[in-house]
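Using the sequences and the hints given, assemble the complete structure.
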Amino acid sequence: MKTLESTKKELKHLVIGVALFVLVTLAFVFFTSGSARSATPPGAKDSKTFEVAIDNFSFGPATLTVYVGSKVTWTNRDDVPHTVTSTDQKFNSRALDTDEKFAFEFKDAGTFEYFCALHPRMTGKVIVK
Amino acid sequence: MGKYIEQDRNNDGIDRRAFLKCMAWAGTGAFCLLQGGVLKSFALSQLTRNDIQHLKGDLSFIQISDSHIGFNKAANPDVTATFQAAIDKINALPERPAFALHTGDLSHLSKPEEFDTLDQLLKGLKTDRVHFVPGEHDVLNDDGKQFRERYGKDSAGNGWYSFEQKGIHFIGLVNVMNLKAGGLGSLGPEQLKWIEDDVRKLKSSTPIVVFAHIPLWSVYPDWGWGTDDSAQALSYLKRFGSVTVLNGHIHQTMQKIEGNVTFHTASSTAFPQPQPGTAPSPGPMKVPAEELRRLLGITNVNFIRGKHSLGIIDSNLEN
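Each protein sequence line maps, in turn, to chains A and B. Under the numbering used here, read the first sequence as residues 95 to 223, first letter to last. Under the numbering used here, read the second sequence as residues 426 to 744, first letter to last.
Derived from the structure by calculation, the hints contain no laboratory data. Heads up, some of the hints might be wrong.
Said to hold, decoys possible - Keeping only pairs whose Cα atoms sit at most 25 Å apart, straight-line, the calculated DSS-like set for lysine-lysine is:
no., chain 1, residue 1, chain 2, residue 2
1, B, 570, A, 184
2, A, 195, B, 605
3, B, 536, B, 498
Stated by the list, open to error - Looking from chain B toward chain A, a few residues come up when the C-beta cut is under 10 Å (computed):
no., residue
4, 493
5, 498
6, 499
7, 500
8, 534
9, 566
10, 601
11, 606
12, 607
13, 649
14, 696
15, 704
16, 707
To be verified - A few chain A positions that, by computed beta-carbon distances, are all more than 12 Å from chain B:
no., residue
17, 141
18, 142
19, 161
20, 162
21, 163
22, 166
23, 169
24, 195
25, 197
26, 199
27, 201
28, 202
29, 221
30, 222
Even glycine gets a Cβ: it sits at the ideal position worked out from N, Cα and C.
Below is the structure:
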């Protein structure tokens, strides 16, 4: 017959074990969803923020797929200014100096092509689903 | 190093071998001159004061380019100092240039204080005036409004214009605005029409100098080093015996001769850029500090009446 004391002890161990399991699982889920979010196309439908780097005169990723309501942020990593200019005038940044950012929230589905108005060979595309 | 012409297919006084020999010096500070059918080239270090006196012509002017005032990154933390070095170099020339052409990217970010600094520095340049065309860095965020107010009061359209000096017709063009996705530099239909009208009444013997920021020849389209509708512009100049096209943008000297047209790009006074295709991108090239001024420079252009080519001298900012 177990004493009340030993039952309490077992319960305590169980609680700690369950808590640890939950923590590890949460950490795992958080980690994997985090890495999925930074990849393209996005892993989870609830991803709302995306990053595009402007580096070496190119947009990376050049094609980004997001969902309606997502916010995309471009960051210029080059030593020269660039712009993020949509070909159909939907959005247009000012000239972004080194490390400056531009963000745009995509409220409608569709394909949005853009380029750098200073170096028009630089082109990119955001697909909104 | 001067040699007589061996083959002259275009009847322009230049054969391929001599031209290549001449071009081998490009970028190291070179002087190329066509004199009496003989193409001569000298390294600038070999050029004495007497040579320059002897070679001077009816009109001498300077091209400066890509000063990028306001740039402060590793490729050159002090572009003001190197621009001042360019001015000192020009002021030390044995012959005072009649004027200077600045072929764009005066500023790095179109900021008023950047233009102010440039204006202040140019006050020390010993010449009668400076003519400007904008680079893409000069027309940021305002479609070139500020640039035209400061430097293009007498210009048409987005800032193009022409003027005469000593019988030479100079045409300043704007090919950095209204650029299309995936494209190169662009002149646009309105400017093309203006060029056609501008040269209509000129005699074919009139020497023409065209200057614009982005090269008007296809230097390296992958890096945007060319102008989509330049062929159309040049078609209006076909009947002229001497056409010289001066550009900047690529931060290195390059030259090409095609029939009656000599294309030339000038060095920057701010920072060098890599040779076509030798780097992942055309961004500013970081070189050891002691090499920087060797890769920056100015261009001196000489016109000698009766000769159909203009003499073009590139010299770097070293010493």
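Each hint, compared with the structure:
1. B:570 <-> A:184: holds, 23 Å
2. A:195 <-> B:605: holds, 22 Å
3. B:536 <-> B:498: Answer holds: residue 536 of chain B to residue 498 of chain B is near 16 Å, not above 25 Å.
4. 493: holds, 9 Å
5. 498: holds, 4 Å
6. 499: holds, 8 Å
7. 500: holds, 7 Å
8. 534: Interface hint status for residue 534 of chain B: holds (6 Å vs cutoff 10 Å).
9. 566: holds, 5 Å
10. 601: holds, 8 Å
11. 606: holds, 4 Å
12. 607: This hint holds: residue 607 of chain B lies near chain A, its Cβ roughly 6 Å from the closest one there, short of 10 Å.
13. 649: holds, 5 Å
14. 696: Holds, about 9 Å.
15. 704: holds, 9 Å
16. 707: holds, 7 Å
17. 141: The claim stands: residue 141 of chain A keeps its Cβ more than 12 Å from every Cβ of chain B (closest is about 27 Å).
18. 142: holds, 27 Å
19. 161: Non-interface label stands for residue 161 of chain A: nearest chain B Cβ at 25 Å, farther than 12 Å.
20. 162: holds, 24 Å
21. 163: holds, 26 Å
22. 166: Residue 166 of chain A is indeed farther than 12 Å from all Cβ atoms of chain B, at 18 Å.
23. 169: Non-interface label stands for residue 169 of chain A: nearest chain B Cβ at 16 Å, farther than 12 Å.
24. 195: holds, 16 Å
25. 197: The claim stands: residue 197 of chain A keeps its Cβ more than 12 Å from every Cβ of chain B (closest is about 18 Å).
26. 199: holds, 22 Å
27. 201: Label holds. Min Cβ-Cβ 22 Å, cutoff 12 Å.
28. 202: About 20 Å separates residue 202 of chain A from the closest Cβ of chain B, which puts it past 12 Å; holds.
29. 221: At about 16 Å from chain B, residue 221 of chain A clears the 12 Å cut-off, so the statement holds.
30. 222: holds, 18 Å
Of the numbered hints listed earlier, not one is contradicted by the structure.
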